[in-house]
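K.L.:
Make a model of the complete structure from these sequences and hints.
Protein chains: 8
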Amino acid sequence: MDKKRLEQLLEEIQSGKTSVEEGVRALEDLPYKELGYATIDNHRELRNGYPEVIYCQGKTPEQVQGIVKYMMSQGNNILATRAGKEMYRKVREVCNHAHYNELGRTITIINHEPETTESYIAIVAAGTSDLPVVEEAYETALILGNQVEKITDVGVAGLHRLMSKMDRIRGAKVVVVIAGMEGALASVIGGMVDKPVIAVPTSVGYGANFGGLAALLAMLNSCASGVSVVNIDNGFGAAYNASIINKL
Amino acid sequence: MDKKRLEQLLEEIQSGKTSVEEGVRALEDLPYKELGYATIDNHRELRNGYPEVIYCQGKTPEQVQGIVKYMMSQGNNILATRAGKEMYRKVREVCNHAHYNELGRTITIINHEPETTESYIAIVAAGTSDLPVVEEAYETALILGNQVEKITDVGVAGLHRLMSKMDRIRGAKVVVVIAGMEGALASVIGGMVDKPVIAVPTSVGYGANFGGLAALLAMLNSCASGVSVVNIDNGFGAAYNASIINKL
Amino acid sequence: MDKKRLEQLLEEIQSGKTSVEEGVRALEDLPYKELGYATIDNHRELRNGYPEVIYCQGKTPEQVQGIVKYMMSQGNNILATRAGKEMYRKVREVCNHAHYNELGRTITIINHEPETTESYIAIVAAGTSDLPVVEEAYETALILGNQVEKITDVGVAGLHRLMSKMDRIRGAKVVVVIAGMEGALASVIGGMVDKPVIAVPTSVGYGANFGGLAALLAMLNSCASGVSVVNIDNGFGAAYNASIINKL
Amino acid sequence: MDKKRLEQLLEEIQSGKTSVEEGVRALEDLPYKELGYATIDNHRELRNGYPEVIYCQGKTPEQVQGIVKYMMSQGNNILATRAGKEMYRKVREVCNHAHYNELGRTITIINHEPETTESYIAIVAAGTSDLPVVEEAYETALILGNQVEKITDVGVAGLHRLMSKMDRIRGAKVVVVIAGMEGALASVIGGMVDKPVIAVPTSVGYGANFGGLAALLAMLNSCASGVSVVNIDNGFGAAYNASIINKL
Amino acid sequence: MDKKRLEQLLEEIQSGKTSVEEGVRALEDLPYKELGYATIDNHRELRNGYPEVIYCQGKTPEQVQGIVKYMMSQGNNILATRAGKEMYRKVREVCNHAHYNELGRTITIINHEPETTESYIAIVAAGTSDLPVVEEAYETALILGNQVEKITDVGVAGLHRLMSKMDRIRGAKVVVVIAGMEGALASVIGGMVDKPVIAVPTSVGYGANFGGLAALLAMLNSCASGVSVVNIDNGFGAAYNASIINKL
Amino acid sequence: MDKKRLEQLLEEIQSGKTSVEEGVRALEDLPYKELGYATIDNHRELRNGYPEVIYCQGKTPEQVQGIVKYMMSQGNNILATRAGKEMYRKVREVCNHAHYNELGRTITIINHEPETTESYIAIVAAGTSDLPVVEEAYETALILGNQVEKITDVGVAGLHRLMSKMDRIRGAKVVVVIAGMEGALASVIGGMVDKPVIAVPTSVGYGANFGGLAALLAMLNSCASGVSVVNIDNGFGAAYNASIINKL
Amino acid sequence: MDKKRLEQLLEEIQSGKTSVEEGVRALEDLPYKELGYATIDNHRELRNGYPEVIYCQGKTPEQVQGIVKYMMSQGNNILATRAGKEMYRKVREVCNHAHYNELGRTITIINHEPETTESYIAIVAAGTSDLPVVEEAYETALILGNQVEKITDVGVAGLHRLMSKMDRIRGAKVVVVIAGMEGALASVIGGMVDKPVIAVPTSVGYGANFGGLAALLAMLNSCASGVSVVNIDNGFGAAYNASIINKL
Amino acid sequence: MDKKRLEQLLEEIQSGKTSVEEGVRALEDLPYKELGYATIDNHRELRNGYPEVIYCQGKTPEQVQGIVKYMMSQGNNILATRAGKEMYRKVREVCNHAHYNELGRTITIINHEPETTESYIAIVAAGTSDLPVVEEAYETALILGNQVEKITDVGVAGLHRLMSKMDRIRGAKVVVVIAGMEGALASVIGGMVDKPVIAVPTSVGYGANFGGLAALLAMLNSCASGVSVVNIDNGFGAAYNASIINKL
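Chains as they are written, first to last, in the UniProt record's numbering: chain A, 1 to 248; chain B, 1 to 248; chain C, 1 to 248; chain D, 1 to 248; chain E, 1 to 248; chain F, 1 to 248; chain G, 1 to 248; chain H, 1 to 248.
If you're looking for bench data, these hints aren't it; they were derived computationally from the structure.
Some clues are possibly wrong.
Label-pair restraints from in silico Cβ distances [to be verified]:
id : chain 1 : residue 1 : chain 2 : residue 2 : range
1  : H       : Ser119    : G       : His99     : 36 to 44 Å
2  : C       : Asn111    : G       : Gly66     : 32 to 40 Å
3  : C       : Gln57     : G       : Glu86     : 20 to 28 Å
4  : A       : Glu118    : D       : Arg92     : 25 to 33 Å
Glycine included, every Cβ here is placed at the ideal spot set by N, Cα and C.
P.N.:
The following block contains the structure:
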């Protein structure tokens with residue numbers, strides 16, 4: 001509600017076209033309408049064609065089922081992340097076209113096909129151990145309506161594999177780099193593309209990896225300037241970011 | 001034993017009304033009586049009408065049962081925190097009106113209704129994943145004799161929800177804010193109320209949350225001045241603090 | 001602006017008593033008036049009789065001088081924390097009744113005497129090395145209009161000193177405990193009073209103190225239930241919290 | 001050198017148009033030409049109209065002077081970050097139109113006006129203490145050819161200030177959020193805009209801030225999905241990222 | 001083998017009483033005999049009447065059984081720490097007078113009664129949750145031939161309990177203090193006795209305890225001067241230290 | 001493909017002996033051939049006679065089976081590290097001469113006997129708890145074609161055992177030292193040999209070991225100059241390093 | 001005041017020999033007399049012949065001077081630790097027989113010669129860089145009335161030096177081991193003596209020493225059982241502990 | 001003293017050629033002679049033709065001068081690391097052919113030319129900010145008698161520069177890689193050479209570098225198998241290691 005609409009409303013009240021009760025109702029949530037967003041749990045509610053998103057960790061299968069049941073009534077697409085098998089079983093009870101990506105631990109429910117971008121997001125990862133995060137990112141990017149290219153098994157210890165796929169990486173509008181261990185892949189790719197690079201550290205690795213801390217710090221300290229970082233194993237967040245950028 | 005009682009006692013001894021033996025007995029524990037508190041495990045013993053509190057973590061179900069059995073003889077209300085289901089089963093064997101809050105993992109035993117305050121404590125939380133801590137705080141506040149308002153699902157990523165409940169939050173005498181992830185809710189609420197805010201970081205979140213460290217540090221560094229912090233996931237401690245303040 | 005006032009305003013507009021322009025003006029900042037606060041830097045703006053607060057760290061003496069100069073025009077009391085000597089010199093140029101507490105590194109400017117509470121805040125500290133934080137808390141509590149009792153040099157390694165001052169501590173409505181090293185003072189006092197205890201870890205100590213981390217963790221893990229914690233060396237925050245509670 | 005150019009070259013060799021020696025020379029550095037980038041220290045060399053970037057920390061004033069002198073010969077714009085006053089003095093000796101931003105510690109040398117975008121980057125910050133990072137980001141964004149809006153002094157403890165500037169923030173194509181302490185500003189803004197948010201934690205704050213760690217962890221754990229993070233105090237990196245996105 | 005025994009041996013060689021071959025054999029391990037210790041895994045081998053010690057963590061039940069079997073042949077007493085139930089079952093197969101302390105997770109095998117000291121070690125602990133460490137320390141101290149007094153449930157949040165047992169604590173020649181959470185008990189006792197205090201942090205506690213780190217740092221930073229610290233949960237090490245001191 | 005081969009190829013094209021299509025095919029992967037390495041997951045592909053290496057952690061048994069199946073077709077030796085029993089079962093289905101080292105959690109498949117060095121690698125470890133890492137290093141060194149000497153149970157708390165085996169240690173061309181707890185073994189050995197020492201911290205130990213951090217830091221800070229360090233529990237990496245050196 | 005003295009006092013009151021007022025006065029501080037200690041700053045007050053101890057860090061030279069001036073009136077010996085040169089200058093103004101150990105940063109004032117033990121404390125250190133801590137420990141041990149042997153420059157990287165001094169180390173009643181870097185000296189000595197070893201990590205070392213953390217963790221994780229640890233660089237605490245043990 | 005020499009000695013005693021007294025003297029220090037090393041401070045004493053090494057940090061200029069003066073009498077070459085300018089000035093007073101590398105902070109004194117290897121050590125570094133560590137490594141490698149190639153300014157953000165120098169790197173017998181920030185250079189080079197790579201993390205970088213921790217963790221977690229790591233900024237240690245390997 002901008003200033004103009006406000007003047008109009010008050011003039012309608014002044015002229016009697018709108019009753020005081022109607023005016024109160026319209027104005028009561030003025031601060032909120034202006035904000036214009038709502039949240040399901042800890043992901044902001046996504047508008048117009050965006051999926052509803054459920055972060056399942058710390059929830060019971062019953063809670064997830066309940067949330068999905070409610071959401072189904074609104075006709076939107078639905079994405080659930082960090083979803084265990086038991087959760088999927090529960091969700092299937094209320095929606096039999098739900099799809100489960102076991103590796104990525106995502107449940108996706110397509111109620112209407114999302115419009116898809118022409119430009120694509122490249123999701124690049126070092127090893128098979130990073131695949132769960134790759135899959136979470138992939139499912140997220142898809143349901144948000146993006147074209148996606150997955151390029152995996154291209155760790156920096158074998159640069160030639162990476163080089164052979166550099167064209168597909170450079171062709172993307174935005175690049176998601178997923179890597180555990182020392183996370184060097186983000187710097188190497190960051191140094192070779194002129195697109196935004198969103199780096200996801202993963203918790204894959206030996207002892208002093210400290211649950212992904214090593215890769216996280218490495219990516220934050222990347223000597224390549226076009227790299228920003230999301231949380232450890234946060235494939236969803238990276239793809240969400242990438243999607244915003246891909247649709248600019 | 002204050003100075004006056006001490007004079008009286010000594011005069012009784014001087015006058016022979018009290019024997020030396022009785023005097024020795026009365027004075028022997030002078031330092032302790034003056035301190036005036038005892039402890040059940042690691043929660044200070046609570047006086048007059050306060051519940052006895054048992055911190056169950058690290059105890060066996062049998063130990064918890066034994067402590068409850070002993071406490072039942074004293075007629076006080078009882079609160080057990082961090083209690084697993086098996087502990088509850090054991091406690092039920094010795095007290096069949098014990099109540100179990102499965103989400104909050106608390107056992108409460110009401111032997112006499114606590115007097116309840118007129119002012120209330122607001123317990124505010126961001127997401128469904130924080131609910132276990134909310135419930136621990138809630139049960140604690142109730143058995144300590146407080147009116148409580150629970151306001152959940154109001155994360156900062158969807159400010160309008162929070163705004164719509166701000167009146168109920170502002171109406172409280174003291175506010176408990178429970179949040180995981182980045183813990184920003186404490187700062188946002190701290191900036192909008194002029195009541196004491198007790199913040200509880202939770203261990204909910206992705207990788208670099210480091211078991212609640214992220215939220216803990218954020219809350220300690222809150223730019224809002226009226227915020228103090230208790231330990232990660234410590235719903236009990238927050239409610240206990242809030243109760244002291246609510247009863248001032 | 002509550003619902004009632006809103007109805008009234010709209011009725012005035014309907015009746016022509018208030019013009020549309022005036023209505024727009026009144027309603028434009030509805031969301032903000034409802035929030036009701038502003039901020040000077042990172043301390044929320046304090047209302048009616050409260051001092052304005054300036055957090056000086058990271059500011060230049062010139063910036064501090066500029067802010068004070070602006071604030072002087074509003075007639076409020078002013079508190080500046082983390083203020084170096086050079087800052088004080090600059091402030092004196094624009095306000096010659098500014099007072100400097102060198103140990104606490106605070107500048108206070110009293111433009112009108114604050115009303116003072118009858119109940120008092122006890123500020124308790126272990127050693128002379130904690131005094132800078134004590135003084136910051138003290139000046140803050142004073143300018144916020146509280147009676148304050150300072151009780152220092154009562155570390156847990158010499159319990160008898162602490163005991164001899166326990167009555168003064170117990171007499172307070174709220175207790176601020178300031179301690180470095182192992183921070184045990186908070187637990188010991190928390191176990192002996194039934195008032196809210198706000199603990200301030202200080203960065204005083206030997207090597208593995210890690211800039212106050214040892215005391216911070218100790219206080220967060222206090223086995224005494226009535227203890228909440230503010231940031232390391234944050235005497236201001238503790239006193240601010242205590243003041244809110246003292247005035248409930 | 002793509003496949004097509006390679007065929008052409010070989011055909012030229014086959015036809016004798018190109019000698020074997022020339023062929024060897026062209027093919028020898030095939031892998032490098034394909035990579036197509038060079039580096040000045042730890043910032044990748046920027047092409048076509050981009051400034052050359054010098055990261056001054058850990059360099060002597062003489063080294064900085066030397067690098068600038070060499071770069072001047074190439075006619076590009078130059079940006080030096082983390083530059084002390086003494087460095088600026090040295091740079092002025094070899095380039096008298098160098099400009100120094102003392103707060104941001106940047107030296108900028110404009111040898112040809114950069115083309116400027118129509119869309120703008122919003123740089124949002126909480127307090128005056130964050131200004132050095134704001135200025136580094138600002139100078140970086142400018143010299144990279146972006147329109148920039150600075151919006152400062154909008155910490156979450158005073159939401160109404162932030163709200164009053166939300167339109168300018170929402171109007172940006174990409175938002176840089178700079179905040180120290182608990183870093184909550186990133187989450188709050190991330191929840192209210194649907195543009196990419198690049199968060200910069202700053203090292204501003206009290207004790208348990210641990211040099212920016214508190215804000216860093218908070219931002220990485222942001223419950224708002226559209227937030228990615230760069231290193232502590234890394235205004236340059238944030239603006240560099242934002243510029244890439246702004247020019248997509 | 002001291003200097004005197006060496007002279008004697010060489011004189012025997014000189015006189016032909018001992019052959020060169022025998023001399024070589026005796027002298028070959030001179031450096032080792034002089035050192036006078038051997039090691040079973042990571043505990044130094046204990047001499048004359050001392051138990052053999054097995055640290056079971058990271059070993060299989062079969063390995064533990066094998067070591068015990070070998071040790072039984074030497075007639076010494078045996079102590080196994082960190083021993084699970086399955087290990088005990090295996091040990092019983094080769095030694096049916098083995099004793100298992102389930103809480104302390106120790107196996108003790110008495111092959112000859114150790115001589116016992118007249119002075120005693122006081123083992124003091126805060127809560128029932130610390131009992132596993134108490135029991136490990138207790139069994140260790142007993143088998144090393146010490147008189148021991150266990151004083152438990154005396155946390156600092158209830159000083160009067162502690163005070164009532166202070167005489168028994170003061171009567172000890174050396175005091176072991178075992179505490180989790182904030183570990184303040186070590187400082188309080190350290191301030192009230194003039195005997196060596198060996199502090200054992202335990203991993204008992206809420207979130208920011210970080211597996212005993214909070215108590216560890218607190219104890220290292222103790223303001224009481226007579227406190228030294230062993231590793232987290234290391235009841236064995238504390239008792240071993242105390243035993244050396246108790247026998248001085 | 002070196003310069004000489006390149007000239008030859010171009011001359012063949014010039015002379016028509018090689019067609020342009022063949023030339024394109026040969027040159028297309030010039031950059032990669034020059035790099036000369038490929039990667040299986042996160043271990044670089046090893047050439048001529050070297051085993052293929054699979055890092056199993058984070059992979060499913062099916063994935064491991066699939067990779068082995070593919071590799072079997074190439075006739076190389078195969079080493080799989082961090083392999084659980086279930087993985088071994090799956091691998092046996094496709095290769096019945098696979099060998100499993102249960103303690104070291106390695107699968108080795110010998111398809112042709114590796115040539116073995118004359119000089120040997122000494123693998124030295126403190127206690128039985130370190131044996132899993134010892135075995136991983138041992139199997140790695142063997143399949144890479146090294147002679148190996150294992151010297152275990154020589155912790156620094158019992159120096160005489162270590163001394164008695166010092167000759168075998170000094171005889172090695174390179175020494176791998178594996179130790180948990182305080183990791184002092186690396187310094188002690190580093191001070192007594194003049195060969196390269198590669199230290200492997202293990203995650204064996206009590207509480208403040210923090211998953212091997214204690215030993216890791218100790219080894220990095222070793223006062224003996226000839227010590228370098230690999231990741232916690234990384235027996236493979238240490239043996240791989242040692243093998244490179246042993247074959248120089 | 002023991003039970004006997006209490007009976008006597010009450011009998012005197014009963015018989016009128018002591019007035020009620022005198023009785024009140026005597027009994028008022030019963031709890032404190034019984035505790036029997038006072039504190040100067042953060043070191044407990046030391047009794048009969050013990051020095052008074054001042055911990056100077058965080059105090060101003062004026063404060064130190066003031067404390068010394070007051071203490072001089074009581075005739076005790078005085079020890080000030082962490083004392084800068086300026087502090088010494090100030091102390092000399094009020095006590096011209098004060099002695100300054102520049103390396104150890106201690107001020108000692110002998111007002112009466114302490115009685116000295118027959119048994120001695122061995123203070124062992126690795127390198128010249130550890131000498132400041134050695135000197136602090138040395139001065140502390142001396143003024144507490146101990147014989148002391150200093151054995152320095154015996155790092156584990158050169159075991160033979162250490163071995164040549166092992167007899168002097170073994171002759172001590174208690175051993176203080178001071179080491180930075182990887183702190184291995186504590187384990188090596190702990191494995192070779194059967195006396196209590198008190199280990200002091202120092203902050204000496206390269207980067208990943210992290211201010212003494214490496215040595216601290218190493219010492220806490222020592223595989224030698226007779227080692228306990230005090231805070232980083234805490235020479236005073238180690239010597240104080242050693243003195244208590246030396247006088248048992 | 002090996003077994004053979006021991007037999008000989010005893011036979012001499014048997015035959016009277018050697019007296020018992022002489023025998024005792026020869027055998028007394030048997031364990032030490034066998035160890036055969038001494039230490040100057042915290043670097044092991046280097047034999048025949050090796051330089052003496054002084055680690056200057058934590059020493060006074062006078063101490064360094066004294067050590068050099070003593071060493072000069074022995075005719076060896078001398079290397080002093082972490083030496084400030086003032087130390088150099090002092091050293092020049094006693095040795096006027098001392099050479100100072102200001103960037104590397106090393107003093108070298110050549111008393112006789114070391115024999116130099118034919119194979120060479122490659123010292124590779126990312127940026128100019130790493131040069132102090134490069135220089136320390138360089139001077140160390142030189143005085144130890146190695147040929148050395150320095151290859152600097154080859155960060156991973158500009159791979160083509162690195163590629164163009166890969167031949168010189170591959171030609172080395174051992175490679176030292178020095179990098180700050182995210183330390184990715186070690187992984188990239190480790191993936192492209194089949195020689196031992198010794199990685200040195202440097203403390204160069206922005207905020208979340210945490211004094212080199214980011215690079216350290218990255219290097220420890222390197223996905224390239226042939227990489228081992230030394231302490232942060234430890235150019236000396238890396239070169240020392242490399243020298244041992246280069247001379248195998």
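K.L.:
Please go over all the hints and tell whether each is borne out by the structure.
P.N.:
The hints, checked one at a time:
no.: 1; hint: Ser119/H - His99/G: 36 to 44 Å; in the structure: violated (58 Å)
no.: 2; hint: Asn111/C - Gly66/G: 32 to 40 Å; in the structure: holds (35 Å)
no.: 3; hint: Gln57/C - Glu86/G: 20 to 28 Å; in the structure: holds (26 Å)
no.: 4; hint: Glu118/A - Arg92/D: 25 to 33 Å; in the structure: violated (49 Å)
Checked against the numbered hints given earlier, this structure breaks hints 1 and 4; the rest are met.
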